[in-house]
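Asks: What follows is each chain in one-letter form.
Protein chains: 2
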Amino acid sequence: MKKILIALFVFPLFAASQNPIEDSLFIHKIAVNILSSDAAYNNLHYLTKNIGDRLSGSPQTYLAEQWGAQTMEDAGADNVIMQECMVPHWVRGGTDNATIIYKDKNSNQQKYALHILALGNSVGTGISGLHQPLMRVNNFDDLEAKKAEVRGKIIFYNCPFDDTLINTFAAYGKNVIYRTSGADRAAKYGAVGVIVRSMSNSPGNYPHTGSLHYNDSTKQIPAAALGLDDVKKLDTLFDENIPVACSMFTYGRMLPDTIAHNVIGELKGTEHPEQIITVGGHLDSWDPAEGANDDGTGIVQSIEVLRVLKALNYQPKHTIQFVLFANEENGTRGAKMYADEAKRNNEQHIFALESDAGGFTPRGFYFDVSDNTSMKKINSWKSLFTPYYGDRFQTGEAGADVGYLTQTPQAGLAPDSQRYFFIHHAATDIFENVDIREMKLGAINMAALIYLVDKYGL
Amino acid sequence: MKKILIALFVFPLFAASQNPIEDSLFIHKIAVNILSSDAAYNNLHYLTKNIGDRLSGSPQTYLAEQWGAQTMEDAGADNVIMQECMVPHWVRGGTDNATIIYKDKNSNQQKYALHILALGNSVGTGISGLHQPLMRVNNFDDLEAKKAEVRGKIIFYNCPFDDTLINTFAAYGKNVIYRTSGADRAAKYGAVGVIVRSMSNSPGNYPHTGSLHYNDSTKQIPAAALGLDDVKKLDTLFDENIPVACSMFTYGRMLPDTIAHNVIGELKGTEHPEQIITVGGHLDSWDPAEGANDDGTGIVQSIEVLRVLKALNYQPKHTIQFVLFANEENGTRGAKMYADEAKRNNEQHIFALESDAGGFTPRGFYFDVSDNTSMKKINSWKSLFTPYYGDRFQTGEAGADVGYLTQTPQAGLAPDSQRYFFIHHAATDIFENVDIREMKLGAINMAALIYLVDKYGL
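Chains A and B supply the protein sequences, listed in that same order. Using our numbering, the first residue of the first sequence is number 85, and each one after it goes up by one. Using our numbering, the first residue of the second sequence is number 85, and each one after it goes up by one.
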């Protein structure tokens, strides 16, 4: 009975200390402002259509940094900091392509062009290319079982996306290891190249790139991603045990590290300027498209939080830093630098929020908050998010960038995930595949959370 | 205290009578089956790409009926009933077009083509067209204020979609009266034609059609919808008080009523075959596109519920009717016939579920259930829907078709509404604007609800 009584008392305590009517009215103002404004549309349009893809080290990255600084200044930032960091500088170096050669039923030689896209950080085949037998394996177990046959081959990892998982990030989490480590694992047995089935559940023929990691101990071999229509084509051949040879051309190479910046807009705190709340996304993107959902929308939403708080003349108690992180995609060097500097300067980071799961209609947030009292406080705000569809509060990883602030309570916006792996790192990640209202709804929920954390602390 | 005790007892009572583990396992099987199956994709693709738009009375309607009957038979229906009804037969009759004529700053005459789309049920201008001054009014109040100027004009209703409403159906509900009644209201003051700003919040230039209704008392004048880019163009002229003339050509006309059918697939009940549960959407669609989200997805989801229950060898206690309703768009004659026949035959309809709000990612359901005990029972199932994102249970209208079963507890699938008025009755309502996983998630939630209602009653 005691527990029940405590529970009954806890809620009114929070409710009393946190004026729910005032808060819901202010959040409504946030919503009306964001939904009525053209800023989010214009910002995303400019970033995707006038700047475009922005892989670390590319000229567009620097245009994006300048744009980000200017846009946050225009949105009302008290100041904008360019925090320098060194980032990997991988370049694609040319147009990836591959052709398979096989014999049809009448023993006539057939050629078929595969639409491949080299994986980020991958070495290239160079202009002479690879011309080797292609060997299909279903997964690493299959690779191990057939390791004696691997030498001299190009390995095709054909591990399908698990469509039965409701949260598509769970399916991605299961398979991404073939992208990150498939080259290494195959090189160990003498493979000369790797083609990976894209981590996607969508129809069409879009290879999805993304970074791989080489160990120091194995030979670095070229690796590329393949779209699902081409996977089907390969399956029809391998299912009939038809020998397939492959010519593969990729040109990726790693240049020396280069300079990039976290672009940090600040609203100075009026009561605790030394305590920092972070809101951010990443400014860099992969190169096959426009980095619209990954992570243009996170950038635009973060700037939208700044813009709306300023437009509503909100005076934050704490300093809020709006961070456009550098180099999330192939290094997270921006996030590391941000966390390192925070540590070096003994900064007090009280909360960090990231949006890097696409600009789709929001469901809620993932919270990574170790303190129970803080989590209870957060949960007491839940109903304030219900009108904006952001009230699904779960525990989980907040995001790759804020994750480096290991001691800081953090959250990640959780949009609906169904469409994410249609666009992720693929040619489909364009402005047209963002619904502006869905993105704005995410920004509304983000702004509401920042407002509540700033007002009531954690 | 008594109340609390009752509350504590009610939940376990439901929980005990409704095996939550067995139920969650069965619903998981439903999810895995639907997410692994190509049926939903193939069905929607066939309906949209091979049959296409299907306005009542059009040849495609009959192809769609045949397809629906065959598809439900293939999905395992015990029998398929073709329930005949008479439907209005409106035809567009030609390619709608309009041109505005005005003078620019240098007094040179300019022409500009408007992309219009006649409203359903509208009379046409005929080949001689209308050639009259165009007059802008912001709303009906504005029309009343300027009624003396209306005679002989084409009235342009320019009432913007309310972007600040989170649920876009609320914004639609506010403005749709300009489409349904704008012609009548303007005709009363002598207007000769009407152009209505489309009920949409999307960028681009897509006129959204939909039905209008004429009163018997006023002259029937032609009416058409206008896309938002053209609205902007008109606004630039009217804002500067530039006189605008308009030539408008539409060819709509109403032919005599014709025959259509509700296509009803049945799974016969094993315990209470005389008690009927209805699941459905509408088979007809507007003509500018493919009726993909309106209501191809509702049709495909309903058939998917049938297919999955059969595939999992579920033996329903009650008879489940899967109804592809005729003529929702411009008459709801199918729904009327279904309800009339139910009454005439003294059928016991215990529950009806409709999907007609698009195939977007589900949020939950709107329930129209007058009985408190039933609603409590439904609410006790909520957590079973949480893994499939369908646990937002609200009270509200279930749908235009099942709404005619006035005595029957009913529900409507409530998908996220953000993108609906991008596609609604416009050229954008095509297969490519449906995300198959989102549509499948909706079907999973529908199947789960039907399973629970069938198993436990209401």
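Derived by calculation from the structure, the hints in this document are not laboratory data. Please note that the accuracy of each hint is not assured.
Because identical chains cannot be distinguished in the list, a pair is counted as satisfied if it fits within a single copy or across any two copies.
Straight-line Cα separation of at most 30 Å, DSSO-like style, residue types lysine-lysine; simulated pairs [claimed, not checked]:
id, residue 1, residue 2
1, Lys-258, Lys-113
2, Lys-187, Lys-317
3, Lys-231, Lys-460
4, Lys-394, Lys-231
5, Lys-539, Lys-317
6, Lys-420, Lys-231
7, Lys-317, Lys-133
Asks: Next, verify each hint and record whether it holds.
Replies: Quick rundown of the hints versus the structure:
| no. | hint | verdict |
| --- | --- | --- |
| 1 | Lys-258 / Lys-113 | between (41 Å within a copy, 21 Å between copies) |
| 2 | Lys-187 / Lys-317 | within (14 Å within a copy, 59 Å between copies) |
| 3 | Lys-231 / Lys-460 | neither (52 Å within a copy, 59 Å between copies) |
| 4 | Lys-394 / Lys-231 | neither (60 Å within a copy, 44 Å between copies) |
| 5 | Lys-539 / Lys-317 | neither (57 Å within a copy, 44 Å between copies) |
| 6 | Lys-420 / Lys-231 | neither (38 Å within a copy, 67 Å between copies) |
| 7 | Lys-317 / Lys-133 | between (33 Å within a copy, 23 Å between copies) |
In this structure, the hints that do not hold are numbers 3, 4, 5 and 6, in rising order.
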